[in-house]
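Those sequence lines, one after another, are chains A and B. Mapping to this note's numbering: the first sequence position 52 is 62, numbers consecutive. Mapping to this note's numbering: the second sequence position 57 is 102, numbers consecutive.
What the hints contain is simulated information worked out from the structure, not anything from laboratory work. All C-beta atoms, glycine included, are put in the ideal place defined by N, C-alpha and C. Wrong hints could be hidden among the right ones.
[Stated by the list, open to error] Between beta-carbon pairs, the in silico distance windows are: (1) B:K277 to A:R96: 43 to 51 Å; (2) B:S56 to A:V82: 22 to 30 Å; (3) B:W154 to A:I90: 35 to 43 Å; (4) A:L16 to B:R151: 25 to 33 Å.
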Amino acid sequence: MDFEYLVLVIGMGIVTYIPRLIPILVLSQRELPRWLVQWLDYIPAAILSALIFPALLTSGDPRTVVVISPEVLVAIPTVIIACKTRSLAGTVISGMALYWLAQRFFL
Amino acid sequence: MQHISEEEKGSWWTAIRDGTVAAWPICLGYLAIGLAFGVIAQKAGLRPLEIGLMSLLVYAGSSQFIAISMLAGGSAIAPIVATTFMVNLRHLLMSSSLSQYLRSLRGPWLAFYAYGVTDESFALNLTRFRTGGWDWRRALVLNHVTNLAWIGSTMLGGVGGQFIPPGAFGIDYALVAMFICLLIFQLRGPVFILVALIAGGLAVGLSLVIPGNSYILIASVTAATLGIFLGKLKCLQGGEGAR
Numbered sequence: 011m012d013f014e015y016l017v018l019v020i021g022m023g024i025v026t027y028i029p030r031l032i033p034i035l036v037l038s039q040r041e042l043p044r045w046l047v048q049w050l051d052y053i054p055a056a057i058l059s060a061l062i063f064p065a066l067l068t069s070g071d072p073r074t075v076v077v078i079s080p081e082v083l084v085a086i087p088t089v090i091i092a093c094k095t096r097s098l099a100g101t102v103i104s105g106m107a108l109y110w111l112a113q114r115f116f117l
Numbered sequence: 046m047q048h049i050s051e052e053e054k055g056s057w058w059t060a061i062r063d064g065t066v067a068a069w070p071i072c073l074g075y076l077a078i079g080l081a082f083g084v085i086a087q088k089a090g091l092r093p094l095e096i097g098l099m100s101l102l103v104y105a106g107s108s109q110f111i112a113i114s115m116l117a118g119g120s121a122i123a124p125i126v127a128t129t130f131m132v133n134l135r136h137l138l139m140s141s142s143l144s145q146y147l148r149s150l151r152g153p154w155l156a157f158y159a160y161g162v163t164d165e166s167f168a169l170n171l172t173r174f175r176t177g178g179w180d181w182r183r184a185l186v187l188n189h190v191t192n193l194a195w196i197g198s199t200m201l202g203g204v205g206g207q208f209i210p211p212g213a214f215g216i217d218y219a220l221v222a223m224f225i226c227l228l229i230f231q232l233r234g235p236v237f238i239l240v241a242l243i244a245g246g247l248a249v250g251l252s253l254v255i256p257g258n259s260y261i262l263i264a265s266v267t268a269a270t271l272g273i274f275l276g277k278l279k280c281l282q283g284g285e286g287a288r
């Protein structure tokens, strides 16, 4: 393993760790104002949505919107199963099975 | 939601069991992505140990993929590190959100916990913390079990990933399905649904016009901020609201 690679991964490690560490250190040790607690309460829904929608609906580089794909088609029953069963395991397993089937159909 | 006594909560053994069991959807997903990463990294000239070291020190999938493609393109160190910083800045929000459940932890434990904050562990741990029967020990175990799965599967991909058929059993969809389900769990009233729709719509729109993944941070911050104002509207009140 050469020295340059070591410098690279240590550098990447440090800049990745800092944003993970600072908020945990600072925010866990104090009482937060009500509005900030409320704001943090909306963050999970917002961030999960901001991760999922582009991952499902866009592809390529530069990105373009692709609405008809196995990923999107399978997402619809996956949402319904998640709402009806409220089961993470059930949703993941049936999502995987449906995606596997959908790929066979598409290819 | 199962009831857990104080005594049991304090025990590391039950924490290891619960954390490991809960980690399986992430491990499945990491296996698929990690193998793919290992194959690509090996093609770019990295040995399994070098791949494992990156997975251990960085532990952030998308930035690792980007780093490999920049390395293969002959990039210098500084631009790769700068890009990694930008790509992983979104963890700021996840750590902020998780911090509210880690009040009983101090210094070194917090530092140890912070290492394991990923999109996936954040989503799963936060949901578990909210629904109860979960504590920092279980969350920490989940972080590190998934961490091992990531390091192991990336190294495995570097050794012989090309012999494993891609996409077997729909494994590529494990994390997508998990995120969809955890998002549904987060929708606890009209304001949460609106916040999610705004964030999703904004993220798609922004992702088409700005390169990189800063759209995640911008869309989430904007949507959560609008949520504060939407939450003040009488007609939208209902659901669980803030903790």
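Quick rundown of the hints versus the structure:
1. B:K277 to A:R96: 43 to 51 Å: Distance hint for K277 of chain B, R96 of chain A is violated at roughly 29 Å.
2. B:S56 to A:V82: 22 to 30 Å: violated (44 Å)
3. B:W154 to A:I90: 35 to 43 Å: Holds, at about 40 Å.
4. A:L16 to B:R151: 25 to 33 Å: holds (32 Å)
Figure legend: structure checked against the earlier numbered hints; hints not met, in rising order: 1, 2.
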